[in-house]
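Enquirer: The hints should help you fit chain B onto chain A, whose structure is shown.
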Amino acid sequence: MVMKTSEESRPTESAAGATTPWPADIKMRAAGLDFYYGGKQALHSIGLQVPTGRITALIGPSGCGKTTFLRVLNRMYETVPHALPQGEVLLDGEDIFSLDVVKLRRRVGMVFQKPNPFPKSIFDNIAYGLRINGMAREGSMAEAVEKSLRRAVLWEEVKDQLHKSAYALSGGQQQRLCIARALAVEPEVLLLDEPCSALDPIATAKIEELLFNLKEICTMVIVTHNMQQAARAADYTGFFLMGRLIEFNKTAVIFKTPARKETEDYITGRFG
Amino acid sequence: MSLRTRWRKIVNVVMLSLTGLCALFTVSVLFFILGYLLYYGGKSLNWAFFVNLPTPVGESGGGMANAIVGSGKLLLLASLVGVPIGLLGGVYLAEFGGRTFSFLVRYTTDLLNGVPSIVMGIFAYTLIVLPMKHFSAFAGSMALGVMMIPIAVRATEESLRAVPLVLREGALALGASKWRTVATVVVPAAIRGIVTGIMLTLARVAGETAPLLFTAFSNRFWSSGWNQPIASLPVMIYTYAIAPYDDWHRQAWAAGLVLLGFVLLANIGARFLVSRGVSFRQV
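Protein chains in written order, with the numbering used here: chain A, -11 to 260; chain B, 2 to 284.
Check before you lean on any hint, since a few could be wrong.
Below, computed lysine-lysine pairings styled on BS3-like, alpha-carbon distance capped at 27 Å [claimed, not checked]:
#	chain 1	residue 1	chain 2	residue 2
1	A	K152	A	K108
2	A	K135	A	K91
3	A	K102	B	K179
4	A	K135	A	K147
5	B	K134	A	K91
6	B	K179	A	K108
7	A	K108	A	K135
8	A	K203	A	K249
9	A	K194	A	K238
If you are wondering where the hints come from, they were derived from the structure by calculation, not from laboratory data. Quick caveat: nothing in here was measured; it's all calculated off a predicted structure.
The shape of chain A in the complex, shown without the other chains:
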């Protein structure tokens, strides 16, 4: 597995035992990450760095491991029995496997493929994360909810119906609600697992635009099946194939001058 980087995000290879300062422009780093489902190995020695404040896209054909990798980043694989990662994943220099999982998930949030709002009101959906993490007293809850809804570009559409059920919203609105809900706990990283795959193009465009505006406050990693989306929205792209990271670089490089033949074949649609 070859990892190409530009001058901007210089990897600091740490020698055994040496402590190098964690660079500010890298948010998360995986090194030598293997992943097993039962006896089967799903990821092979993945190593990549997620740059801070940027959108990183993970592309690849179905079953290539990109979603598996994404779910390691906030330890969501723990809901599946016999799922076992091996290797190193660091968030701001800290090993995520030794962190308290609840604290990790507050810092690394997730938006799922199909919108999954809770069967509660719009307000309570957003407030849920705040309440369970003790993040806002009931008095300031309304402000916090408004802030999240504005960031997800949903406030104007729902401000008069905050106490209606979340299920009354359309698909695109529900997904933006889920983004607002994830943003409410002010995560440092937001993981998005094919967030627009169940939505129409207009809803997709709205979401891509809001993700662009979120870069200032949040690092994002987005798994997508849609190459045009990666090309449009992402700063960096990683190409996965059969559980391996084939190539990782700035999006422009990946799409215009890929270094590996597999990448080029995928990009040009020869398979996948």
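Expert: Here is chain B on its own, set in the frame of chain A:
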């Protein structure tokens, strides 16, 4: 039309009629019972029935107020035992159980459900009535409560399983612990199914007579507290129906109507809840 075609058509008609008749018979049994109860029970149903205590034989104007209240009390205490245990047991099976242990629990729960109610009665008699040396509402409630557990467990477990995994993951991804997710997202999402299960289990247990015969026994007066024998509708029906007094027969019909009314209401209410239930509207 050839002979074969004609034969086929005859067979079709015969089978359709046969199956239709059986379905009709099934439905008509219920309506028959209902009709009988409405006729005979309806005649004897009056305000006195609901408000008065049983009177000595020969006196008119007796009622079953104590039995109605008694059944209510028994069901209340039974629910306090059966519902929490059933609910939490169902939560364990759906959310936390390992494969083998869950299988065992589920299997034994189903077996428990099949235990004849009179055996439950003997069980409660031996464990509670004998040491206490008298019949009591407490013993009756315990017998009924234990009978409620299997249905509550299964209904809770199935309702919880019906909640999609993504809903749980959404909560976990926000930093909720497993238990918190279950309590604040999964159970509220499944609440309709759970309530339905509880209503059905109440309906089932409300009419159980055998266990009450030697636990709660009966009482022709008001009972206070939980340590005294208590009257209940099913036992009163039994006592009055086999007695040689017409007035008592009429009251037994009325009691049957009231009991069936309660059971039907609980069942229909439960179905209504389920049918109105929206499931998790996916995009």
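Enquirer: So, for every hint listed, does it hold in this structure?
Expert: Hints, verified against the model:
1. K152(A) / K108(A): holds, 8 Å
2. K135(A) / K91(A): Within the cut-off at roughly 22 Å; holds.
3. K102(A) / K179(B): Distance of about 21 Å is within 27 Å: holds.
4. K135(A) / K147(A): holds, 11 Å
5. K134(B) / K91(A): violated, 57 Å
6. K179(B) / K108(A): holds, 19 Å
7. K108(A) / K135(A): The hint holds at about 19 Å.
8. K203(A) / K249(A): Status violated; Cα separation ~31 Å.
9. K194(A) / K238(A): holds, 23 Å
Going down the numbered hints, you'll see the structure goes against 5, 8, while the others check out.
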